[in-house]
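Q: Please work from the sequences and hints to get the whole structure.
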Amino acid sequence: KEALEVDATKMEGGTLPFQNANMPADGFPNMTTLDHLHEAAILHNLRVRFFAGSCPYTYTADIVIAMNPYRWFPELFTDEKRKEYLVFDRSKLPPHAYATSSAAYFGLQES
Numbered sequence: 001k002e003a004l005e006v007d008a009t010k011m012e013g014g015t016l017p018f019q020n021a022n023m024p025a026d027g028f029p030n031m032t033t034l035d036h037l038h039e040a041a042i043l044h045n046l047r048v049r050f051f052a053g054s055c056p057y058t059y060t061a062d063i064v065i066a067m068n069p070y071r072w073f074p075e076l077f078t079d080e081k082r083k084e085y086l087v088f089d090r091s092k093l094p095p096h097a098y099a100t101s102s103a104a105y106f107g108l109q110e111s
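What the sequence shown shows, in this note's numbering, is residues 1 to 111, in sequence order.
You can trust all of the hints, since none of them are fake.
Computed cross-link-like contacts, DMTMM-like style, restricted to lysine to aspartate or glutamate with a CA-CA straight-line distance of at most 25 Å: (1) K81 <-> D62; (2) K92 <-> D26; (3) K81 <-> D26.
Simulated restraints on C-beta separations: (4) A103 <-> L43: 19 to 27 Å; (5) K81 <-> A61: 18 to 26 Å; (6) N22 <-> G53: 18 to 26 Å; (7) M11 <-> V87: 45 to 53 Å; (8) T9 <-> A104: 48 to 56 Å; (9) F73 <-> D7: 39 to 47 Å; (10) Y105 <-> I42: 26 to 34 Å; (11) E75 <-> H36: 29 to 37 Å; (12) H38 <-> L108: 32 to 40 Å; (13) T9 <-> A61: 31 to 39 Å.
Everything labelled a hint here was simulated from the structure, so no lab data went into it.
These figures come from a predicted structure and were not determined experimentally.
For every residue, glycine included, the Cβ atom is placed at its ideal position computed from N, Cα and C.
A: Pasting the structure below:
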C-alpha cells in the first residue's frame, strides 16, 4: 500500500483520531478489542472486514453487526453451523447471527 500523508493542521480541530495498531488483514472480529473505539475506527474496521470478504458479521460485545456482502455465503448457513452456535462458546467461534439467536434461546430457557 502507498502511504498517504495528511496535513491535519488545516483540519477542524487540527488532529486526526487515534488509529488502531496491529490490525489483522481481515480486521478485528470483535470491535471491543480495538485500541481506540470511535466512529472512524469502527467504519475502518467494517470496511477492512467487508473487503477481506471472509465473513459479513462483526461483533461489538453482544451485538452482531451484519454488512451486506452482495454475495451469498452458503457455508455460513448450514445445520452444522447452526448447531455449533448452540453447543460451543460463542467467544470461540467467528461472528455470526446464529450467536445472537442462540443467546436469545438460552435466555428464554433460563426464565
